[in-house]
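Using the sequences plus the hints, can you model the full thing?
2 protein chains.
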Amino acid sequence: MAEKEISQAVISRLPRYLRYLGELKDEGVERISSQELSGLMNVTASQIRQDFNNFGGFGQQGYGYNVEYLYTEIGKILGLDKKHHLIIVGAGNLGQAIANYMNFERRGFIFTGMFDINPELFGKKIRGMEVRPMEEMADFVKQNNVDIAVLTIPKGEAVLVAAKLSDVGIKAIWNFAHVDLAVPKEVQVENVHLSDSLMRLSYMIERYESEVANKE
Amino acid sequence: MAEKEISQAVISRLPRYLRYLGELKDEGVERISSQELSGLMNVTASQIRQDFNNFGGFGQQGYGYNVEYLYTEIGKILGLDKKHHLIIVGAGNLGQAIANYMNFERRGFIFTGMFDINPELFGKKIRGMEVRPMEEMADFVKQNNVDIAVLTIPKGEAVLVAAKLSDVGIKAIWNFAHVDLAVPKEVQVENVHLSDSLMRLSYMIERYESEVANKE
Numbered sequence: 000m001a002e003k004e005i006s007q008a009v010i011s012r013l014p015r016y017l018r019y020l021g022e023l024k025d026e027g028v029e030r031i032s033s034q035e036l037s038g039l040m041n042v043t044a045s046q047i048r049q050d051f052n053n054f055g056g057f058g059q060q061g062y063g064y065n066v067e068y069l070y071t072e073i074g075k076i077l078g079l080d081k082k083h084h085l086i087i088v089g090a091g092n093l094g095q096a097i098a099n100y101m102n103f104e105r106r107g108f109i110f111t112g113m114f115d116i117n118p119e120l121f122g123k124k125i126r127g128m129e130v131r132p133m134e135e136m137a138d139f140v141k142q143n144n145v146d147i148a149v150l151t152i153p154k155g156e157a158v159l160v161a162a163k164l165s166d167v168g169i170k171a172i173w174n175f176a177h178v179d180l181a182v183p184k185e186v187q188v189e190n191v192h193l194s195d196s197l198m199r200l201s202y203m204i205e206r207y208e209s210e211v212a213n214k215e
Numbered sequence: 000m001a002e003k004e005i006s007q008a009v010i011s012r013l014p015r016y017l018r019y020l021g022e023l024k025d026e027g028v029e030r031i032s033s034q035e036l037s038g039l040m041n042v043t044a045s046q047i048r049q050d051f052n053n054f055g056g057f058g059q060q061g062y063g064y065n066v067e068y069l070y071t072e073i074g075k076i077l078g079l080d081k082k083h084h085l086i087i088v089g090a091g092n093l094g095q096a097i098a099n100y101m102n103f104e105r106r107g108f109i110f111t112g113m114f115d116i117n118p119e120l121f122g123k124k125i126r127g128m129e130v131r132p133m134e135e136m137a138d139f140v141k142q143n144n145v146d147i148a149v150l151t152i153p154k155g156e157a158v159l160v161a162a163k164l165s166d167v168g169i170k171a172i173w174n175f176a177h178v179d180l181a182v183p184k185e186v187q188v189e190n191v192h193l194s195d196s197l198m199r200l201s202y203m204i205e206r207y208e209s210e211v212a213n214k215e
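Chain order of the listed sequences is W and A. First residue of the first sequence: 0, per numbering that gives the first Met the number 0; consecutive thereafter. First residue of the second sequence: 0, per numbering that gives the first Met the number 0; consecutive thereafter.
One copy or any two copies: either way a pair holds, since identical chains are not told apart in the list.
List of simulated lysine to aspartate or glutamate pairs, EDC-like, C-alpha gap at most 16 Å:
1. K184 <-> E208
2. K75 <-> E208
3. K163 <-> E135
4. K154 <-> D195
5. K170 <-> E185
6. K170 <-> E189
7. K170 <-> E210
8. K154 <-> E22
9. K82 <-> E205
10. K184 <-> E210
11. K170 <-> E205
12. K82 <-> E208
13. K81 <-> E205
14. K81 <-> E208
15. K75 <-> E205
16. K82 <-> E104
17. K24 <-> E35
18. K184 <-> E205
19. K141 <-> D166
Since the hints were derived computationally from the structure, they do not count as laboratory data.
Right, dumping it as structure tokens:
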């Protein structure tokens with residue numbers, strides 16, 4: 000596979016391609032040109048061709064891309080042809096929101112367990128899944144081939160839980176805690192730092208207003 | 000201001016600088032060198048100096064940066080010295096999780112209202128804020144100087160609501176719906192596409208495993 004030299008920027012764009020292709024597929028569209036896809040996605044056709052060339056091009060120009068094939072191939076690159084077992088650590092609002100986000104299962108992410116430290120939540124069912132005590136997490140991960148842990152807990156706890164999960168061989172952590180986790184290189188980490196995102200939005204407001212003020 | 004030529008990559012890193020500086024400030028640290036900050040943040044000291052040079056450098060090398068000053072200045076660049084009134088549209092788990100995320104208010108984002116289409120939720124209090132019917136949203140935005148709308152609703156509704164919000168002069172949309180919104184250029188949009196993020200994680204697992212397999 001030629002995957003290794005591919006830049007992070009290209010990879011970051013793949014889920015968006017997949018989303019548009021999934022919608023086209025659902026609408027029964029069989030083929031699409033880079034020009035048509037460009038119009039839909041608001042990126043240039045040349046950017047699309049360049050991105051796809053990283054993976055061998057996915058089919059001929061002129062004739063257009065086969066939507067189903069392209070969708071499947073991009074899915075494979077993203078590892079979506081495999082099943083992943085996922086647990087959620089932290090059964091608060093955010094943990095519950097993620098548990099209820101149905102689309103994940105369609106992509107092969109199987110919701111396998113939910114954990115919390117709050118005894119009041121033990122046994123409560125969230126999307127059919129009982130909340131278990133945190134003490135059971137490590138054994139559960141080992142016994143149930145859990146690949147991915149979603150951390151929706153405060154940052155102090157997240158650091159400790161990430162260390163514990165790394166010890167029992169978790170493959171990946173989807174981290175919503177507002178802290179950078181230090182884990183061994185075998186453990187992949189993707190952060191969703193919501194307040195960083197809100198600050199970027201605040202910056203955009205600030206920049207737009209200063210541009211407008213400068214024009215006046 | 001020299002802000003306009005600054006790359007998106009630099010801007011994206013500012014919230015992380017702010018987070019580390021905030022922690023240092025809370026710990027009572029008064030000055031820090033780019034080397035020390037580099038050790039904490041796991042980026043090179045030269046990257047830090049380069050990033051800060053975009054904004055005039057923020058103080059002398061050798062002597063180190065004044066933590067309080069640096070924190071305040073980065074906050075200003077991000078527009079955090081201003082107050083923003085924010086509403087949440089969609090009172091489900093995700094909307095509630097965001098409402099309960101206390102840190103936002105500390106940064107000047109004032110939770111002003113919450114809306115939903117589900118009549119069963121009307122009047123329910125979430126973090127002291129009553130859920131209002133969606134029909135009241137447009138007038139509410141106009142009457143309460145609302146700057147930012149957080150969309151935690153399904154994608155079909157998000158498109159319609161974003162159009163309505165644009166009509167009544169919203170400045171910015173923090174979009175959690177899994178769709179790209181087409182809004183006028185006056186409206187700033189920051190997307191949090193959770194499933195894109197999960198797919199990046201899945202890609203990282205895939206890539207790591209194929210690297211390991213290739214070595215064996």
